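Fit chain B to the given chain A structure using the hints.
For the record, the sequence lines run as chains A and B. Heads up, the first sequence is in the working numbering, so the first residue is 1 and it goes up one at a time. Heads up, the second sequence is in the working numbering, so the first residue is 348 and it goes up one at a time.
Quick caveat, the hints were computed from the structure, so don't treat them as lab data. Wrong hints could be hidden among the right ones.
Claimed, not checked - Calculated lysine-lysine pairs in the BS3-like style (CA-CA distance at most 30 Å, straight line): (1) A/275 / A/155; (2) A/264 / B/396; (3) A/109 / A/212; (4) B/396 / A/289; (5) A/212 / B/686; (6) A/325 / A/132; (7) B/686 / A/239; (8) A/200 / B/686; (9) A/121 / A/109; (10) A/289 / A/176; (11) A/52 / A/109; (12) A/212 / A/75; (13) A/212 / A/174; (14) A/75 / A/155; (15) A/109 / A/132; (16) B/548 / A/239; (17) B/396 / B/686; (18) A/276 / A/176; (19) A/275 / A/75; (20) A/176 / A/336; (21) B/686 / A/276.
Claimed, not checked - To give a feel for the contact side, a few chain A residues facing chain B, derived at Cβ under 7 Å: (22) 24; (23) 28; (24) 29; (25) 65; (26) 159; (27) 220; (28) 232; (29) 252; (30) 256.
It should be emphasised that the depicted structure is a prediction, and the values quoted were computed from it without experimental measurement. The C-beta atom is built at its ideal place from N, Cα and C for all residues, glycine as well.
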Amino acid sequence: MTSDLSRRRLLFGGAALSAGVLLAGCTSNEQTPTAAQTKAAATGANSEPGKKVTIGFSAPAADHGWIAAITNNAKAQAGAYSDVELKSVEAGADAAAQRAALSTLISQKPDVIVLLPHDGKELNAFGLEAMKAGIPVVNLDRAFPDARAYRLQIKGDNYGMGVAAATYIAEQLKAKGVSNPVIGEIPGIDSLELTQERSKGFADTLASLGLKVANRRPAEFTADSGQQAATGLFQALPKIDALWNHDDDQGIGVLAAVNQANRKEFFMVGGAGSKKAMEDIAADNTVLKATVTYSPSMASSAISLARLIGQGKGMSDLVELQVPKEIVLASETITKENAGNYLKLGF
Amino acid sequence: MSDMTPTAAPERAADLPAQSPPVDPAETAKADAGARLSWWRGDGGEGAKRNLGLLATLVVLVVIGILTRPDLYGDASWVWGNTLTILKLASVVGVVTVGMTFVIIGGGIDLSVGAIVALAGVWCTTVATQSYGAGGMIFSALTVGLAVGVVNGLLISYGRLVPFIATLAMMVAARGLAAEISDKQTQVSNDSFINGIATVKLLGIPLLVYILAAVVAAGWVLLNRTTFGRRTVAVGGNPEAARLAGINVRRHTVLLYALSGLCCGIAAIMLTAQATSAQAAMANLYELDAIAAAIIGGTLLSGGRGTIIGSLLGVIIFSTITNLFAINGLSTEAQNMVKGGIIVAAVLVQQVQFRSLSQFLTRNRATTT
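Chain A with its partners taken away, still in its complex shape (with noise of 0.2 Å):
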């Protein structure tokens, strides 16, 4: 009995780790890296190295490609040029956790700071405070409501999202002649503020034109959410024309529900610019015929402005001698015709 048992751990035993062995050699992720978004001013004076700039860098923890590209464009960037040294904090999984974080980062002395906040409205005290002590603050994408809090906003346009997806799907439609279209529409996750607004720019500028979304099932930015929000859309809606999903993470799990439903009636607008949508776009061999951006290349120029300012010169192709105070990035569409053009900025 006691052999018989021995053997059967030994067995057991044995199969657990060879399994255990397997699975470890499983987890590399390697290949090509994809180029990261970078850009060192090619001419004029602003390129040449100057004084050196100290930059203190802090966003939320990745939890999807999106922001993971934020971090990685900020460190490649501050990578290329000699006279920056980007220290980063792990901003944790809250606001209150990047607080923390940032204190340690403001005992370093850094010359300038950039900083994703978890909340803008949440760490707008700490803005507020940095700047009080003489440290300028390159607020980037969500926004301090306070303007004493920030020495650069530079964010994307969520409105303008909704609006360049509303303008081509409305151009689409016409061009088609489709009277009385079905519009979908796929948001992220709806309580956040920044979806609300893209799809307030969608709503607006549909109804400015005479149109409406038919019906809206919103995800979670991830594949899976995606792919049940779009089955249950489909359920509903036996015939669609056009969809607007917000977001091109989920809109992976969007395309896999559009093929598992055997739908091919509608064209499709992406959101955000993945550089998986954008080779998707390019081929045209899915119903995703457009992607409207919302770039994280702005953490990348967001290093750069950061540098700028670190050494107080201004933005050399503008009159002012120094950096502007507000940056929107124009939210663009991406078709098949500029795809190319788009792809080293897709992440």
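Quick look at chain B alone, frame taken from chain A:
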């Protein structure tokens, strides 16, 4: 968890003679399990009632659907397609819920199921795993699910951690590991076999629905027709009595969590196939969906009682509600409020049923003996 049943346990013990007359005193624990061998007799008398209640709820939901969207329900092919869509929507959570039902009947709780699905999904879609093909992906998803489940079980049974704490810790840790492995990216599955799991149909019915049916059937047999099932009920109903009856409670607990983990591994393959990708944030809050489905299906949160069929009906009710709100274009906020209301209503109804049933049985016994 067993200390949470001061009222339920004696009632159940009192019910026993009425339900299964030939009780062998030496096999109290087994008889306790034997009393609910199936869902239509024994304790199942109550279970059947409850399942009929769930079916009635489903019918009401469908009737609401017909009344609110007569245009869609007028089309027979749409109705058939919609039914399959509801079942497909239920399939992933359904598989997770079968494992969860076992854990809860066994007196535990598994908060880590969503995280295990995500970890198994991410693990099976890494570039390295995908290079081994579909076989490697399925193997790694199942093994990861099973392994995490075993770790949960060991922490709870031999580490003596409360299930709530152990699986809460695992929930955080497994999602963290998934984020680490995936480098927080969405990993696209390029394997046509895996992706085909979500598109293939046999005799007009999606493969996903067959997988759900197979897991439910296996779970039903395991719970109602095997020693393992009887032991699960015994361990959850009264672990001390089960131990005295000669059941290795610790080992059984490990097996229960391993089973839950394995179900998560299966679910991970199904969900990865549906989304043609995996990421650390996938299967968000599936633990709550699975627990809620088990609860409205009549599984006692303190353990010792529950049915697989009830859990399945619970999952289908939730996915029918999701579908109902989608086809009417109503907001998901309202949908969540309705879901919450249904959970509370189901538990309230069960309590009333349970009380009246035990009163009925007590009276019945008084007249027969």
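Comparing the hints with the structure gives:
no.	hint	in the structure
1	A/275 / A/155	holds (20 Å)
2	A/264 / B/396	violated (45 Å)
3	A/109 / A/212	violated (52 Å)
4	B/396 / A/289	violated (52 Å)
5	A/212 / B/686	holds (28 Å)
6	A/325 / A/132	holds (17 Å)
7	B/686 / A/239	holds (28 Å)
8	A/200 / B/686	holds (27 Å)
9	A/121 / A/109	holds (24 Å)
10	A/289 / A/176	holds (14 Å)
11	A/52 / A/109	holds (13 Å)
12	A/212 / A/75	violated (42 Å)
13	A/212 / A/174	holds (14 Å)
14	A/75 / A/155	holds (18 Å)
15	A/109 / A/132	holds (13 Å)
16	B/548 / A/239	holds (22 Å)
17	B/396 / B/686	holds (21 Å)
18	A/276 / A/176	holds (27 Å)
19	A/275 / A/75	holds (19 Å)
20	A/176 / A/336	holds (17 Å)
21	B/686 / A/276	violated (36 Å)
22	24	violated (10 Å)
23	28	holds (4 Å)
24	29	holds (5 Å)
25	65	holds (5 Å)
26	159	violated (20 Å)
27	220	holds (6 Å)
28	232	holds (3 Å)
29	252	holds (5 Å)
30	256	holds (4 Å)
In summary, the structure is inconsistent with hints 2, 3, 4, 12, 21, 22, 26 from the numbered list given earlier, while agreeing with the others.
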